[in-house]
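Student: Okay, here's what each chain looks like letter by letter:
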Amino acid sequence: MTQPPLTLRRWKRAEYEQLVDLGVFQGDSIELIGGQLVVAEPQGAYHASAVTRVDYALRAVLPGGWIVRIQAPVSLDDDSEPEPDLVVVPGRPGDYHDSHPAHPALAIEVAESSLELDRQHKGSLYARAGIGDYWIVNLVDRVLEVYRNPGADPSAIYAWRYRSAASLRPPDAVAPLAFPSSRIAVADLLP
Amino acid sequence: MAVEVAGTRRRFTREEYYQMAEVGILKPTDRVELIQGEIVEMSPIGRRHKAFVDNLTQLLTMRIAGRAIVSVQNPLVLAEDTEPDPDLKILRRRSVPYKELEAHADDVLLVIEVAESSLSCDRSTKQRLYAEAGISEYWVVDCAAESVEVHRTPQAGSYRDVSRLNGVASVNPLAFPDIRVTLAEVFA
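If you read the protein sequences in the order shown, they are chains C and X.
Just so we're aligned: the first sequence equals residues 1 to 191 in our numbering.
Just so we're aligned: the second sequence equals residues 192 to 379 in our numbering.
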């Protein structure tokens, strides 16, 4: 049965953080995506292992003064607080104890079943927030998708998209936009 | 902008919904209702909508005085995750006062939604909710067409008997067959 869409109450990031502090989501994995509270999919072993692999590959090449955060909240904008699989942010391991980082230099999603969500929804959301470098470790096709150069596009879900997209596969190498000398073999990012 | 999110939205219970109101995340100025765990924005109330709600309030209150309670734009508990705010409802008098226990489906003799911009939702989502809850009579007052759709005999998630009244028609609520409401009065 099809039904006309209801207008759902949208949440601001500040309200979402209040809900988190209240303990409403204890035990639930939730992200705030464009004003909506989305339940995160449970994670399989293959996905978790792939995230760890990317983490180690990144850390091996990152210069000092930058850290990798795994599945941790990002204060992306006023109605979004996603938890990307990995982000690279400035600072030291003990930083961000009062508030989440807002401007990752690099965001990475490891995608198996979430590929379309990561491309269309998260891609548009991250582009809107001005994240300049967004990678999808595509486990389905075994490629690394590199998205850069965010620009406005009214047809995109959040009215922004990445204007440049590249698909890399071994033996290619990739370097984060913010650290051009930190080269990583694509083979080291894929299971 | 209605953005469709791929993925599953988090749904809430009434308890969580009230917790949000208590701590001020949901404010009294937020016009929302809880529909199957989703916190839904109610459409803004226009001039005609207000006028017709007032007309119905006035004439139902006068005619039913002392026999039942006319409740205007107050919540109705249908389930642990569903609590809409119908425009009007007629509640039976009962031994447990309403100050001690909220109105539930089995207290309701008639639910009325006045629809200006919410017609499709009132005729589908709300209609299904009220039928599922076993509410014996549901009226949808269509502000634009100046008609009243009377839904009766809830069965398997919808109403078996639906009639649409226009013009000089009148309707007697099932629970109060001696009381007559004319459309002319409703849309005065």
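It cannot be assumed that every hint is accurate.
Label-pair restraints from in silico Cβ distances [to be verified]: (1) X:Thr373 <-> C:Arg10: 35 to 43 Å; (2) X:Gly257 <-> C:Ala40: 49 to 57 Å; (3) X:Ser308 <-> C:Arg59: 52 to 60 Å; (4) X:Ser311 <-> C:Asp28: 29 to 37 Å; (5) C:Gly23 <-> X:Ser311: 45 to 53 Å; (6) X:Asp352 <-> C:Thr7: 26 to 34 Å; (7) X:Leu292 <-> C:His97: 26 to 34 Å; (8) X:Glu206 <-> C:Gly44: 46 to 54 Å; (9) C:Arg10 <-> X:Tyr289: 28 to 36 Å; (10) C:Phe25 <-> X:Ala375: 34 to 42 Å; (11) C:Glu116 <-> X:Glu337: 40 to 48 Å.
No lab work stands behind these hints: they were computed from the structure.
The structure displayed is predicted, hence computed values, not measured ones.
Glycine is no exception: its CB is placed at the ideal position from the N, C-alpha and C atoms.
Student: CB of X:Leu292 to CB of C:His97, is that within 26 to 34 Å?
Tutor: Taking Cβ atoms as reference, X:Leu292 and C:His97 lie about 45 Å apart, which means the hint is violated.
Student: So does X:Ser311 sit 29 to 37 Å from C:Asp28, Cβ to Cβ?
Tutor: Between X:Ser311 and C:Asp28, where Cβ atoms are some 32 Å apart, the hint holds.
Student: Cβ-Cβ distance between X:Asp352 and C:Thr7: within 26 to 34 Å?
Tutor: Given range 26 to 34 Å: holds, Cβ gap about 30 Å.
Student: Could you tell me whether the CB distance from C:Arg10 to X:Tyr289 stays inside 28 to 36 Å?
Tutor: holds, 32 Å
Student: Verify the CB-CB distance for C:Phe25 and X:Ala375 against the hinted window 34 to 42 Å.
Tutor: violated, 52 Å
Student: Indicate whether the distance between the beta carbons of C:Glu116 and X:Glu337 respects the range 40 to 48 Å.
Tutor: holds, 46 Å
Student: Can you tell me whether the CB distance of X:Ser308 to C:Arg59 sits inside 52 to 60 Å?
Tutor: holds, 54 Å
Student: Starting from the range 35 to 43 Å, see whether the pair X:Thr373 and C:Arg10 falls in it by beta-carbon distance.
Tutor: Given range 35 to 43 Å: holds, Cβ gap about 41 Å.
Student: Is it true that C:Gly23 and X:Ser311 lie within 45 to 53 Å of each other by Cβ?
Tutor: This hint is violated: roughly 37 Å between Cβ atoms.
Student: Range first: 46 to 54 Å. Now tell me if the beta carbons of X:Glu206 and C:Gly44 are that far apart.
Tutor: Given a distance of about 32 Å, which is not inside 46 to 54 Å, the answer is violated.
Student: Check the following: the C-beta atoms of X:Gly257 and C:Ala40 are separated by a distance inside 49 to 57 Å.
Tutor: Since the Cβ atoms of X:Gly257 and C:Ala40 sit about 55 Å apart, the hinted range of 49 to 57 Å holds.
In terms of the numbered hints stated before, the structure departs from hints 5, 7, 8 and 10, listed from lowest to highest.
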